[in-house]
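Novice: Following the hints, put chain B in place on chain A, whose structure we already have.
Protein chains in written order, with the working numbering: chain A, 910 to 1168; chain B, 12 to 76.
The hints are simulated quantities; they were obtained by calculation from the structure and are not laboratory data.
A portion of the hints provided could be inaccurate.
[Stated by the list, open to error] Covered stretches of chain B (chain A as the covering partner; in silico rule of three or more C-beta atoms under 8 Å from a C-beta of chain A):
#, stretch
1, 15-21
2, 30-42
3, 61-70
[Said to hold, decoys possible] Derived lysine to aspartate or glutamate pairs resembling EDC-like cross-links, with alpha carbons at most 16 Å apart:
#, chain 1, residue 1, chain 2, residue 2
4, B, K53, B, E29
5, A, K1130, A, E1001
6, A, K1126, A, E937
7, B, K53, A, E937
8, A, K922, A, D948
9, B, K53, A, E1001
[What the hints assert, rightly or not] For each label pair, taking beta carbons as the anchor points, the in silico distance ranges come out as:
#, chain 1, residue 1, chain 2, residue 2, range
10, B, S57, A, R933, 23 to 29 Å
11, B, T34, A, K931, 31 to 37 Å
12, B, E21, A, D912, 35 to 41 Å
In this text the structure is predicted, and so the values were computed from the model without any measurement.
Quick reminder that beta carbons are idealized off the backbone N, C-alpha and C, glycines included.
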Amino acid sequence: MTDTIQVGSYTLKSRLLVGTGKYRDLDETGRAIEASGADVVTMAVRRTNLGQNPNEPNLLDVISPDRYTLLPNTAGCHTADDAVRTCRLARELLDGHQLVKLEVISRSRTLYPDVVETLNAARILVNEGFEVMVYTSDDPLIAMELEAIGCVAVMPLGAPIGSGLGLQNPYNIREILDQLNVPVIVDAGVGTASDATVAMELGCEGVLMNTAIAEAKDPVKMARAMRLAVDSGRLAYEAGRMPRKRYADASSPETGLIE
Amino acid sequence: MQISVNGQTEQVERQSLEDYLTTRGLLGRRIAVEHNGEIVPKSQFSHVMLEDGDVLEIVQAIGGG
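So that you can see chain A by itself, here it is in the shape it has in the complex (with noise of 0.2 Å):
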């Protein structure tokens, strides 16, 4: 497909957002990623190991951000003052790359976006010249506020973070898509194919996942068939699927039968 999605100054050629997180090693991370098809690969910062071999091979190695548009999250942060204090950090590791994935999330179980948190730590980004694809809730009004502080990309769940439950608020996805003008990404939830292609066929500019593909038993044809599951989901959702109805519509002509 030739479309193309625009997130802030980016101009993106896969509407296939993806992790690299929970591979069984970094060989097995390049060939998904590379079969996924996606431009845009998160990451996570950590303290390096300072034990480890330092010729050991880092995610950098085989995620060349020549290549790839790295994408660096928040994880694991649980105040908008530590999410801050990463992205600095992943804009000095990615010399200057400002593109970043804001995600604070609460302590619960269920790894809700703590969206106060988040909206604070939205507005320290954008005024630090950062470009914001936020991962927050469902909630149609906190969208409209990290659109309206100047986020690139709002990013509601479809259902819990590494739960592949699929998605689980249609409703609340379509009032997000309805009120924004950002491009609204479906981050987090996705199981399956079939997950993906409901997210595109609702208007969703495009899908982040992760744990769908890693925890795959073939995690590089799962990122092909996710891959031709985004394609498919977008064509359906330009195509305009057809009306539904309560009853039978032959598809054959009734007329001109033989007596």
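Specialist: Frame of chain A; chain B shown alone:
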């Protein structure tokens, strides 16, 4: 003197940040460094002298979603 690096205390000689990173095999690696809460641009590594009680955070990219 004593410094803290990624939460661990270490006994080191007074030296520049660049020398410390070189000893650790980290110079030239894809890392970012925070010195006493302030990010140090790579170009400044040689200009920062480590002092007793300093706190370093050294981070890198890892897999995440």
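Novice: Now, for every hint given, state plainly whether the structure supports it.
Specialist: Against the structure, the hints:
1. Counting residues of the stretch 15-21 of chain B whose CB falls under 8 Å from any CB of chain A gives 4; the rule of at least 3 is met.
2. Three residues within the 8 Å Cβ limit are the bar, and the stretch 30-42 of chain B against chain A gives 6, so the coverage statement holds.
3. Against chain A, the stretch 61-70 of chain B contributes 3 residues with a C-beta closer than 8 Å to a partner C-beta. That satisfies the three-residue criterion, and the hint holds.
4. Taking the CA atoms of K53 (chain B) and E29 (chain B), the gap is near 9 Å; set against the 16 Å cutoff, the hint holds.
5. Taken as a hint, the K1130 (chain A) and E1001 (chain A) pair is broken in the structure, with Cα atoms around 34 Å apart against an allowance of 16 Å.
6. Between K1126 (chain A) and E937 (chain A) the CA atoms are separated by roughly 12 Å; this keeps the pair inside 16 Å, and the hint holds.
7. A C-alpha spacing of about 31 Å is found between K53 (chain B) and E937 (chain A), which places the hinted pair above 16 Å, so the restraint is violated.
8. For a cut-off of 16 Å, the pair hint linking K922 (chain A) to D948 (chain A) stands: about 7 Å separates their Cα positions.
9. With a C-alpha separation of about 8 Å, the suggested pair K53 (chain B) and E1001 (chain A) falls inside the 16 Å cut-off, and the hint holds.
10. In this structure the supplied range 23 to 29 Å is violated for S57 (chain B) paired with R933 (chain A), their Cβ-Cβ distance being about 39 Å.
11. Distance hint check for T34 (chain B) and K931 (chain A): the Cβ-Cβ separation is about 34 Å, which falls inside the suggested range of 31 to 37 Å.
12. Range check, E21 (chain B) to D912 (chain A): Cβ separation about 53 Å, and the 35 to 41 Å hint is violated.
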